[in-house]
Amino acid sequence: MTAARHVDVLVVGAGPAGLAAAARLAAAGAGRVEVLERETAPGGVPRHCAHGGFGTWTRPLTGPRYARLLTEAAERAGATLRTGVTALDWASGHAVLGTVGPGGPETVAARAVVLATGARERPRAARLVPGTRPAGVYTTGELQQAVHLYGQHIGTRAVVAGAEDVSYAAAGTLRAAGAEVVALVTEDPRARTGRARAQAARLYRGIPLLTSATITELLGRGRLSGVRVRHRDGRTTVLPCDTVVFTGDFVPDHELARRGGLVLDPGTRGPATDGAWHTSRPGVFAAGSLLHAVEPARTAALEGARAARAVLDHLAGAPWPGPGVPVLVSAPLRRITPNRVTPGTPPEHHLLRTGAPLSRPVLYVRQDGRLLHRARLGPGAAVPHRALTLTARWHDRVDPGGGPVRVSTG
Amino acid sequence: MTVTAAGALPATPYDVAVVGAGVVGCAIARELARHPRLRIALIEAQDDVGQGTSKANTAILHTGFDATPGTLEARLVHEGHTLLGAYAARTGIPVERTGALLVAWDAEQLAALPRLAEKAARNGCHDTGLLGPEELYAREPHLGPGALGALHVPGESVVCPWTTTLAYATQAVRAGADLHLNTAVREAGWDGGHRLTTSRGTLYARHLVNAAGLHADTLDRALGHDDFTVTPRRGQLLVYDKFARSLVRHILLPVPTALGKGVLVAPTVYGNVLLGPTAEDLDDKHATGSTADGLAALREKGRRVLPALVEEEVTAVYAGLRAATGHEDYRITAHPGQAYVTVGGIRSTGLTASMAIAAHVTGLLAGTGLDLGPVREPEPVTVPNLGEAFPRPYQRADLIAADPEYGTLVCHCERVSRGEIRDALASTIPPRGLEGLRRRTRARAGRCQGFYCGAAVRELFERGTGS
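Chains C and A are the protein sequences, given in the same order.
Read in order, the letters of the first sequence are residues 1 to 410 in my numbering.
Read in order, the letters of the second sequence are residues 1 to 467 in my numbering.
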């Protein structure tokens, strides 16, 4: 092994979280801040989201423009961006990574590592959708890159599996590529997106939405010829199509986190972190979609920026917090981040997701049966496609030697 | 070097035509190509080698310990295990010598193990050993509860079926054999020489080898033989994420029953874990789809053998068809009067036995009047290393220093570099589609299934092939 090269902070992943962390750290004088990006260009997923919805209400941006601004901000602040370089695995030492790029293998040691490796959609195989293995099967990520980065030909008739924000974005990309969208198919009773967006797709673009329906089989040899759909009442139909896009169902891309033996949260499948984005491995922080696939890009960027603050404290010599107390959720809640409570590191708030719509929801925070906090949420807030926020004001009531904190709706 | 995929076939007759470029057909073509005087055609209905049973199986290098003693299959698997093991080492085909454990889950199965050890010995496999539960769990700590013991078969190994087929075909083509792809045989006639009517015109040959796999019975009948019928037996398989690889060290086999060999859990040389296959007798020789029932049944079985396995993500699902004939042996028959050899009923052991089958068939061809002429050993070939247990290009500083393209990763999950994709596209038998590229490089074979790299890999493929 080659001798390690030393930097102050190594950020893995140049998406919104990584770039925002790097920009903040470099601007705050954290020393040498280096960002590793395995793709040929920085920016992460927004790079191929050629639609709006990024930036702020007052300054809306497309994904590529947003990616460019984040990249420029990180570079202007003095961070070093290294694209085409892959972080492979951990080397001995608490924050040492083996990497490879066109220049060959390298070992990089850092005083702090920020993992911002993002998330991906689960593909057809992981969803165990049976049938043949024809061409024409995509995830949104592959579809968007094919269309917006490479201008590749997509099929002519497409079915979209899913009906959440990303599914409608996929439908938009398909239409932009000249394909007819045959239908959106979701197992849910309704679309998991804003009403306006669902209506616009259905009424103005004539894209049917099949609810309470499952894609049970892919058909066709060589090229996809159709998908078999089963409705909740047991009826099955075949939708003829040459393209199917499996959308949503994001999972953290946690390979490096798992290889590093980081404790993962059972609800998010990303690394468990406290309110200051400390993972279980000293010197290693995590932020963005790696923690909670998937929230809007601005959430990831905000987390990256906030993680930078904790990294600075760490560089200044703050002790690494212990494992703390895990925070768990009960169904229908699906996940919460941050999901550890360590002394003195409350987040601004926690983010939660529910698996089913809740009417007049009340969140209860308990530890060992003891009620720590109770919060009534606003009407209409608790739907699966939107994050719920929970204050962290109850953190000082947590018994650091007690059992897990549990958040439930009853 | 001749590989064609379109246009008319050569009009001059070949000495030997081998129908079917699966692992067996390719091995036969390679063996024949050791005889430089022969003009050889290897013809294949699909657009790549190894597209049938050869690409979708359990990828095991068998010892033949459980074959029926005295059969041709038992002999050829035993010989083939040694031959392919040595060939793989020379050629760079990844083999992992994991050994297998036949795990007994009840008293009846436990009682069957000594008999299986004895049968293994009769098949020339003398190094098996019985393990008690303690040693079994020490060897496989993640095994589900309740196992009573196991038979250890040290010689069973896992191998890469894709590059095995590719190595044979590449060596045959470089030694002068003609590989004609997209060439489906429609009719076969014999009038002192063979005349094959194909989708690309007529091909003439003095001698014919039928290695047509699932379709071997059809071709055999076209030449007037009614010796066997191929019943496609579907095997569905699940490939689990690389994170599952640490859960299992050996090939875990059930104790065989009258119903067949059962469902196994095995490492793959690519660093994944395989669960399967199902065994479903079908009529349709194209029914390579997976089914909800099949996958559910596999997961149920897998949960018992290795409970932690089913908590991991599935990377791929596939189904292959093996050529069951209802006979407990290969159906390899020489028809000297027709200068014709049938290589039928080659089941899942065919990968292991391939080189031994090739030698056997070459001997049979000589018996049908083929003058083999002198032998000249073909130039050695090396295949791309797809094995996780061996240094891959991205891990080799020397290679990257000489050519930075090997340090430029395109497929991140499988760590495939642009250099490897370029090499595959420029190889003797280049891929004609993304699936062929996957079998040569592993690009798009990983857990994201193209979320990150799919478009980039397609771009490289299309640019590299001008398609």
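Treat the hints as calculated values from the structure; they're not laboratory data.
Check each hint, because a few of them may be wrong.
Derived, one-sided and incomplete: chain A residues facing chain C with beta-carbon distance under 8 Å [said to hold, decoys possible]:
no.	residue
1	Thr68
2	Ser290
3	Glu313
4	Val314
5	Arg392
6	Tyr394
7	Ala397
8	Ala401
9	Gly407
10	Gln449
11	Gly450
12	Gly454
13	Ala455
We treat Cβ as the ideally placed atom computed from N, Cα and C, and that holds for glycine.
Tested hints:
Hint status for A:Thr68 relative to chain C: violated, with the closest Cβ pair at about 34 Å, above 8 Å. The closest approach between the C-beta of A:Ser290 and any C-beta of chain C is roughly 4 Å, which is under the 8 Å cut-off, so the hint is satisfied. The criterion of a C-beta within 8 Å of any C-beta in chain C is met by A:Glu313, whose closest approach is roughly 5 Å, and the hint holds. Annotation: A:Val314 was flagged as interfacial toward chain C, and the flag holds, the nearest CB pair being 5 Å apart, inside 8 Å.
Contact between A:Arg392 and chain C, as hinted, is not supported at the beta carbon level, the nearest pair being about 10 Å apart and thus beyond 8 Å. Here the hint on A:Tyr394 is kept, as its CB sits about 5 Å from the closest CB of chain C, short of 8 Å. A hinted interface residue such as A:Ala397 counts as satisfied when its beta carbon comes closer than 8 Å to some beta carbon of chain C; here the least separation is about 5 Å, so the hint holds. For A:Ala401, the shortest C-beta to C-beta distance to chain C is roughly 6 Å, which falls under 8 Å, so the interface hint holds.
Taken as an interface hint, A:Gly407 checks out: its beta carbon lies about 5 Å from the nearest beta carbon of chain C, inside 8 Å. Checking A:Gln449 against chain C: minimum C-beta separation of about 4 Å stays under 8 Å; hint holds. Because the smallest distance between the Cβ of A:Gly450 and any Cβ of chain C comes to about 5 Å, under 8 Å, the interface hint for this residue holds. The beta carbon of A:Gly454 is positioned within 8 Å of a beta carbon in chain C (closest approach about 4 Å), and the interface hint is therefore held.
Checking A:Ala455 against chain C: minimum C-beta separation of about 4 Å stays under 8 Å; hint holds.
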